[in-house]
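Novice: Chain by chain, the residues:
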Amino acid sequence: MKNDILDTRSSSLASHREENNTKIVKKKNRAITALSITTGILALSTTGLAIGFAIADDKAMQYHDSLENVYQSNFYSLIDSVNNLENKLSKTISASSGSSYQRKMLLEASQNASEAEISIASLPMSQNDIQDTVKMVNQISGYTTILADNLANGGSLSEDEISTLTTVHESVVDLQNQLNEFARKMNNGYSILDASLDINADSNEFSLSLASLKNNDIEYPTMIYDGPFSDSVVNSKVKGLNGEKISEQQAREKLDAIYKDAVKIEYQGETNGKFSTFNYRVTNSSEEELYVQMSMIEGHVLTISGAGEDGQSTIDFDSAKNIALEFAKDNGVENGEVVWSDTIKEDVYFNIAPKENGIILYPDLVKVKVNLVSGSVVGYDATSYFTNHTDRSLSKGSISLNEAEAKVPSRFAILQSRLVLSPLDYNREVVCVEVEAQGEGSTYYFYYNASDGTLENVLKIIQTDDGNLLM
Amino acid sequence: MKKTLLSIVSFIFVFAFMFVGVTSLVNLNDRTLDRQVDLSADAATTTAENRTIQTKLKRWGYYTGNVDGIYGPLTREAVRYFQRKNGLSVDGIVGPQTAAALGMTLSSGSSSSSSSISSSDLNLLARCVYAEARGESYVGQVAIAAVVLNRVESPSFPNTIAGVIYQPYAFTAVNDGQINLTPNSTAYKAAQDALNGWDPTYGAIYYYNPATATSSWIWSRQTTVTIGNHVFAV
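For the protein sequence lines, the chains are A and B, in the order given.
Reminder that position 327 of the first sequence reads as 399 in the working numbering, one-by-one numbering, no gaps.
Reminder that position 59 of the second sequence reads as 152 in the working numbering, one-by-one numbering, no gaps.
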């Protein structure tokens, strides 16, 4: 019996052990399972990520390569343009003065210079590194155009001009050398894109490599001329403001007089650019917010900027026109006449020019923007007026309106003509007969010099989605 | 044992699916979620349009889901977010206004049959204004447009509006793609004013936000005026 009991005990012990063993085996199995799952996951995720990155990287490389190609193409175009520019300039200097060949070379040089500008500006360089070079090629383009124009009018190049051209040529040779040096570097697998992404303070590696030429080797020539991009045009003087400087308080008093029923007027500080002004934020009686700039000299309203309301018009075009004329008159533009208007949604832009001696003075234009919803002046720009307005003693010239109309090609129907002072080219004003004519599907304005009848300019009205353009 | 094996296999399958998701850089969960509720979504836009919406929102950081052309809750939420941020009425539906703000035309919209030329300069300028200064006052927006036009006139910059706006590194909003947002009517008005000759800066060719400007060089320029957050300089 004892044995029996023992047997039973031992067998129960054995089964217990077996149970334990099974548990251990199960645990082991689970551990192995867990381990294999983890390994599986890791393996899969690594593969997945690797594939993912490979796909992303491949795409990035494609973008990288196409952008790099665009940059390389711009760079080599730049070299071509500069090489051509150098070539044309040296030929201009060598050719005998006044020849049509010289004029042809100057025009081509101008073309090459402007191509060079487009290429430089398309390269990934920081503005502060390239602006001197951009300015140089732009001015070369302007200068050579003006010289070519003079030759076309029967002139010849003066000694000074030849000497300036020689300096310009030397600078271009320096630029050319630098660029060609750089091109050799690019043959050895240089990446413009990579270099441009290597940012170094305000610049990047690429602009620094190229810009080093600005500091070291190129002496930028001074080109004195009246024409495109010339310093004289950029720094043109204000002719129309010669009186006393006023205080902010005086400006405020003048403003208060103009906006008697304004809801609020707040001083916003000064502007010190081509004009100096005291600036105010005015909330007018229609609750429109306007930014009004009063000139420090003489205290005129110089600029008003306001958005104008959207909605249902409450006034018509003619009332708006009267409001504009009245406003211009109140602000010193006597004898104003609307010479151009354009309605864009609920805003009408009126260009008003004063009339002197029966001649419309285009250079002295003021622009008034009237909102048709509120019926108030929401925009005003008298900068042209004060830049150009001065006492002129204008003569009407010898060409009559009829004589000028007769010069318009016969396929045009004449609408009207009048005497105008027309701003031409740069800093040049000429009394012209303006003939408005219709033909070839559009309206044209022809400008004939009132003293000798030469055609000075043609403008065409171009209809766009957002109003009319004069070009 | 069989159960364990089954669970291993199913686990591997699930994870395999997830990593297939990873490889195509999309999120499986979002995808499933989007698809489930798609049936209840307003079918205001076509699949192709939904793709465009998703792509644009994703690019500007409004949408984190995948571009699958399905207008689900994630897309809807992103649209709501975009509408909130851009001052549109927040309804989560891409109607004509939101579509315009996204820079797209819905298929149902009629195209204008005007014979005039498109004012691409005005459009481009308005986009630049909107991208760079939509939070500024009206005059602050005119000033930005004026700077672009002053640069066109300046010898030191390119000579066309496109040349100036797309000059590398010239405008941050061009670099990060915000230039492709559709401008609102204020930006258009500001651009129009500048094209008509308005320039409240009187000749500025630079502007910067003194709070965020990283360039040390810009501080050396002579300031003409400060309008809102921007300092304008020559």
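FYI, nobody ran anything at the bench for these hints, they're computed from the structure.
Glycine included, each C-beta is placed from N, C-alpha and C at the ideal position.
Some clues are possibly wrong.
Okay, the calculated bits of chain B under chain A, using three or more residues with CB under 8 Å as the criterion [as the list claims (entries may be wrong)]:
| hint | region |
| --- | --- |
| 1 | 154 to 161 |
| 2 | 227 to 233 |
| 3 | 272 to 286 |
| 4 | 295 to 304 |
Derived DSBU-like pairs (lysine-lysine); straight-line CA-CA distance at most 35 Å [said to hold, decoys possible]:
| hint | chain 1 | residue 1 | chain 2 | residue 2 |
| --- | --- | --- | --- | --- |
| 5 | A | 336 | A | 257 |
| 6 | A | 393 | A | 317 |
| 7 | A | 163 | A | 176 |
| 8 | B | 178 | A | 417 |
| 9 | A | 393 | A | 332 |
| 10 | B | 151 | A | 479 |
| 11 | A | 99 | B | 178 |
| 12 | A | 427 | A | 176 |
| 13 | A | 336 | A | 311 |
| 14 | A | 131 | B | 151 |
| 15 | A | 176 | A | 131 |
| 16 | B | 178 | A | 336 |
| 17 | A | 427 | A | 401 |
| 18 | A | 427 | A | 326 |
| 19 | A | 163 | A | 99 |
Novice: Compare the structure with each hint and give your call.
Specialist: Quick rundown of the hints versus the structure:
Counting residues of the region 154 to 161 of chain B whose C-beta sits closer than 8 Å to any C-beta of chain A gives 0, which falls short of three, so the coverage hint is violated. Counting residues of the region 227 to 233 of chain B whose C-beta sits closer than 8 Å to any C-beta of chain A gives 3, which meets the bar of three, so the coverage hint holds. Here's how the region 272 to 286 of chain B fares: 7 of its residues keep a CB closer than 8 Å to some CB of chain A, so the rule of at least three is met and the hint holds. With 3 residues having a Cβ less than 8 Å from any Cβ of chain A, the region 295 to 304 of chain B passes the three-residue criterion, so the hint holds.
Distance restraint check for residue 336 of chain A and residue 257 of chain A: the Cα-Cα separation of roughly 63 Å exceeds the 35 Å cut-off, and the hinted pair is therefore not satisfied. Among the hinted pairs, residue 393 of chain A with residue 317 of chain A is consistent with the structure: their alpha-carbon atoms are about 32 Å apart, no more than 35 Å. The hinted pair formed by residue 163 of chain A and residue 176 of chain A meets the criterion: a straight-line CA distance of about 10 Å does not exceed 35 Å. For the given pair, residue 178 of chain B sits about 26 Å from residue 417 of chain A by alpha-carbon distance, which is consistent with the 35 Å threshold.
A distance of roughly 22 Å separates the Cα atoms of residue 393 of chain A and residue 332 of chain A; the hinted pair therefore holds under the 35 Å criterion. For the suggested pair residue 151 of chain B and residue 479 of chain A, the alpha carbons sit about 61 Å apart, so the restraint of at most 35 Å is broken. The straight-line distance between the Cα atoms of residue 99 of chain A and residue 178 of chain B is roughly 56 Å, outside the 35 Å bound, and the hint therefore fails. With a C-alpha separation of about 42 Å, the suggested pair residue 427 of chain A and residue 176 of chain A falls outside the 35 Å cut-off, and the hint is violated.
Note on residue 336 of chain A and residue 311 of chain A: the hinted pairing holds, with a Cα-Cα distance of about 33 Å set against a maximum of 35 Å. Annotation: proposed proximity of residue 131 of chain A to residue 151 of chain B holds, straight-line Cα distance about 17 Å (limit 35 Å). Among the hinted pairs, residue 176 of chain A with residue 131 of chain A is inconsistent with the structure: their alpha-carbon atoms are about 48 Å apart, more than 35 Å. For the proposed pair residue 178 of chain B and residue 336 of chain A, the alpha carbon gap of about 30 Å is at most 35 Å, so the pair holds.
The suggested pairing of residue 427 of chain A with residue 401 of chain A holds, with an alpha-carbon distance near 12 Å, which does not exceed 35 Å. For the suggested pair residue 427 of chain A and residue 326 of chain A, the alpha carbons sit about 26 Å apart, so the restraint of at most 35 Å is met. Among the hinted pairs, residue 163 of chain A with residue 99 of chain A is inconsistent with the structure: their alpha-carbon atoms are about 94 Å apart, more than 35 Å.
When the structure is compared with the earlier hints, violations turn up for hints 1, 5, 10, 11, 12, 15, 19 and for no others.
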